[in-house]
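S.K.: Letter by letter, the chains look like this.
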Amino acid sequence: MSDSSAPPATRPALLDIRGLTKSFGALKALDDVDFTLGEGEIHALLGENGAGKSTLIKVVTGVFARDAGTVRLANREIAPRSAKDALDAGIATVYQEVNLLPNLSVAQNLYLGRQPTRFGVVREAEMKRRAHALLLDYGLDIDVGAPLASYSVAVQHITAIARAVDLSARVLILDEPTASLDRHEVEILFKVMRKLAADGIGIVFVSHFLDQVYEICDRVTVLRNGRLIGSREIAQLPRLDLIRMMLGRELAETTHERAASQPDTAREVCVSFKGFGKQGYLAPFDLELRRGEVVGLAGLLGSGRTETARLVFGAERADSGAATVDGKAIRLNSPRDAAGLGFGYCPEERKTEGIVAELTVRENIVLALQARRGLHRPLSRREQDEIALRYIRMLDIRPPDPERPIGLLSGGNQQKALLARWLATSPKLLVLDEPTRGIDVGAHAEIIRLVRDLCEQGLALLVISSELDEIVTYSNRVIVLRDRAHVEELKGDAVEVSSILAAIAADAPAAQEVAS
Amino acid sequence: MTLRIPRRGLAQAFALIVILMIDRAVSPQFFNLHLQDGRLFGSVIDVLNRGTPVALLSLGMVLVIATGGIDLSVGAVMAIAGATAASLADTHSLPVVIASALAVGLACGLWNGILVAVLRIQPIVATLILMVAGRGIAQLITEGRIVTFTSPDLVWMGNGAVFGLPTPVAIAIGMLLLTAAVVRGTALGLLIEATGGNARASELSGVGTRAMILSVYIWCGICAALAGVIAAADIMGADANNAGLWLELDAILAVVVGGTSLFGGRFSLVLAVAGALIIQSMNTGILLSGYPPELNLLVKAVVVLAVLLAQSPRLGDIQRFTARWRRTKP
Ligand SMILES: Nc1ncnc2c1ncn2[C@@H]1O[C@H](COP(=O)(O)OP(=O)(O)O)[C@@H](O)[C@H]1O
Ligand SMILES: [Mg+2]
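The listed protein sequences correspond, in order, to chains A and B.
Letter 329 of the first sequence, counting from 1, is numbered 1514 in the working numbering, and no numbers are missing.
Letter 317 of the second sequence, counting from 1, is numbered 343 in the working numbering, and no numbers are missing.
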């Protein structure tokens, strides 16, 4: 461990990032982001999925090349070109999936590549002694000769951290380290973090558990859509304000007009769920979807939004409750069942769950329709061309070439093609999970307009978005989720950003004082 | 239904022509054909005839690989089907013999398909089971002997002629047309390519990926069984130990040479068969040239390496890396 020369009075800047910018094609994953980490500071980096947190970390640690910006570590400018470069400079990163060798012993993992040797022979006993002493520092008294895999994820994390810090790290970055830990393990990890901070190490902590952020962090920086929303002392930031920073309106952003149409209970219900849920996945919920109505799902990351979508589409099998379509009970055990009923689903993970990158735009567009028609009723090439061209024109997919592999299109155009895939099946119900995520600003507005148009044509829509402003724009009703349960439904005039925020933060004590 | 060689088949066409030209250079009579007893003879016909088992295997293998899987058991399935056919040949009519052999192939394919699609075992491991056990099963059928037969009907399968072409070649052409009709004449081709390209996305689009995977392993088993029958008919006997030995590797090689990625997705039946012919023209060429046949293995290894290098996604990375290394070197 490298000692910092003089113990600081206030926290001097250890890591100073200015104007960091990174684009993937047309998408600005990071747009002029500043970030300052002090010595001995635990600093939360927050934002919804796709906000740019991981990209920031990867650019700082040299995994991605940056487009612009400077990174200074202890007042010296650095430009690492690989994770190893960054480590040599003093920035260590531990990811959610621990990057060690599970079959080797804990001691071997700690000293891999730098085992103590004598005459070229590894001194096994000496290594174990040192490893044991090192981990004692972290409050772990374990048999370091046992394979790493025989220990819990928490121990593996701490081993990874100990190794990183022992390799003379001054900045430690933890990307979602607590996602797979239980409460007790989180405690152990936090103890270690506090100890390291006391030693002067700066820690960047990425997590989507706000409770943990309030418990352990000194400062918080929030990103949204690749832009810096702000950086605050956590002690002076009520939870509602923090949630507003993560989900709420950006001043610079154009605000959309709220759809004029009001919820109309006279509209006929086409799909309804009663007590639908799955143990350990999502608490049972009731949900009615009407023709020509958009229902928005709002909540923080991990609140159960995507889980709702997956249950509704049969991608996850419910173990309680019942679903009906037009009043008739239905079987909903697989996406195939759902597609057969006239449901469609555009998942949040466009690349891994949406597009078939290698196939053409045409093939991607006709896929769901063809799957529904069955093997023996193939769409002729002429029908395929006709369908593809119709939707390319209707949704303005660019370039307007049906024979281009879809993987080569921009995110926004891929999203439109996925919409086309379902529209081609003339669906009753469309479930859109974060339809505007990772999409450049132009396509963003178009998708929102599309959602409205579809609704006017009589489709039932269930839309998830972490952009509250956007949800308010097109939703007739908004369902707010918290801790994997539907907790509140807002209708009519109640559908506005402030009331959604209040509902999301309702369980937080800090929220009351601000809301009142 | 399309059987045209796609534009991306140029490399394979070029490779085949080059190898045939080399064959002609080492053996000037290579392209000579003559008709005798209603059957064509010549080196080119030889290439086609000898290439038939691998071509048949590759027709099934290419579909399996397109779904992102692999079938290591086809050689063993050939042995089982060959043993079945040989032991029934002298007591049953040809249709019964063939139907039994194909049924055995279907059962083998179903077994593999269930392991992969239903039990979700990794394809390489799942099919390894039958690859190992299959020869034992074939031994049980032949009771450890080499079973010979004299049934002229079955012998015709290996040595007869149809419209001047050797029967195996005619069967292979028929199977290519049939497979193409089934795969491209229905939506199967698109759905297989989608499944191999992104199984999760396909499933979420309502594609029955499990049925898709099950059916390609079954088809692969049937193709292997047919290849096994032909191989047995050719030597008028079944050798449980050696029938189809290592041919699974040739079939995989044919598919890869035919431009289908082992990661799955896009596939071409015609190019897989072209791959089988490329391999066979190399074999025949080396035999004709009088070089020791061991050289064959070396040449094959070089071809595999060339194809894999040409397809390697890291090739670009390596080029970029070496360029950077050269730049930064003092
Ligand atoms: N390698 C990549 N290529 C293209 N786009 C990417 C890549 N990595 C991330 N992105 C995009 O950049 C945005 C930010 O992603 P990321 O930094 O992973 O977000 P977070 O970690 O905050 O969830 C997302 O829209 C994501 O789709
Ligand atoms: Mg991330």
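None of these hints come from the bench; they were simulated from the model.
For each residue, glycine too, the CB sits at the ideal point set by N, CA and C.
It is possible that part of the hints are untrue.
As the list claims (entries may be wrong) - These stretches of chain A come out as covered by chain B in the derived footprint (C-beta under 8 angstroms, 3 or more residues):
no., segment
1, 1239 to 1246
2, 1417 to 1428
3, 1558 to 1568
Unchecked claim - Just the calculated beta-carbon pair ranges, DEER-fashion:
no., chain 1, residue 1, chain 2, residue 2, range
4, B, T212, A, T1537, 40 to 50 angstroms
5, B, I150, A, E1453, 48 to 58 angstroms
6, A, R1303, B, I48, 56 to 66 angstroms
7, A, V1248, B, N267, 45 to 55 angstroms
8, A, G1204, B, L335, 34 to 44 angstroms
9, B, L36, A, A1331, 50 to 60 angstroms
10, B, L324, A, F1304, 51 to 61 angstroms
11, A, R1558, B, P54, 24 to 34 angstroms
12, B, R210, A, T1537, 20 to 30 angstroms
13, B, T117, A, R1562, 51 to 61 angstroms
14, B, R210, A, N1234, 53 to 63 angstroms
S.K.: If a hint holds in the structure, say so; if it does not, say that too.
M.R.: Consistency of the hints with the structure:
1. Taking a C-beta to C-beta cut-off of 8 angstroms, the segment 1239 to 1246 of chain A contributes 0 residues in contact with chain B, too few for the three needed, and the coverage statement is violated.
2. Counting residues of the segment 1417 to 1428 of chain A whose CB falls under 8 angstroms from any CB of chain B gives 0; the rule of at least 3 is not met.
3. Coverage of the segment 1558 to 1568 of chain A by chain B holds [criterion: at least 3 residues with CB-CB distance below 8 angstroms; count 7].
4. Taking the beta carbon of each, T212(B) and T1537(A) are about 28 angstroms apart, not inside 40 to 50 angstroms as hinted.
5. In this structure, I150(B) and E1453(A) meet the distance hint of 48 to 58 angstroms, their C-beta atoms being roughly 52 angstroms apart.
6. The supplied range of 56 to 66 angstroms is met by R1303(A) and I48(B), whose beta-carbon atoms lie about 60 angstroms from each other.
7. At about 52 angstroms, the beta-carbon gap between V1248(A) and N267(B) stays in the expected band of 45 to 55 angstroms.
8. A hinted range of 34 to 44 angstroms holds for the C-beta pair G1204(A) and L335(B), which are about 42 angstroms apart.
9. Look at L36(B) against A1331(A): about 57 angstroms separates their beta carbons, and that is inside 50 to 60 angstroms.
10. Checked against the given bound of 51 to 61 angstroms, the beta carbons of L324(B) and F1304(A), roughly 44 angstroms apart, lie outside it.
11. Checked against the given bound of 24 to 34 angstroms, the beta carbons of R1558(A) and P54(B), roughly 55 angstroms apart, lie outside it.
12. In this structure the supplied range 20 to 30 angstroms holds for R210(B) paired with T1537(A), their Cβ-Cβ distance being about 28 angstroms.
13. Remark: the range hint 51 to 61 angstroms for T117(B) to R1562(A) is contradicted by a beta-carbon distance near 44 angstroms.
14. Distance hint check for R210(B) and N1234(A): the Cβ-Cβ separation is about 40 angstroms, which falls outside the suggested range of 53 to 63 angstroms.
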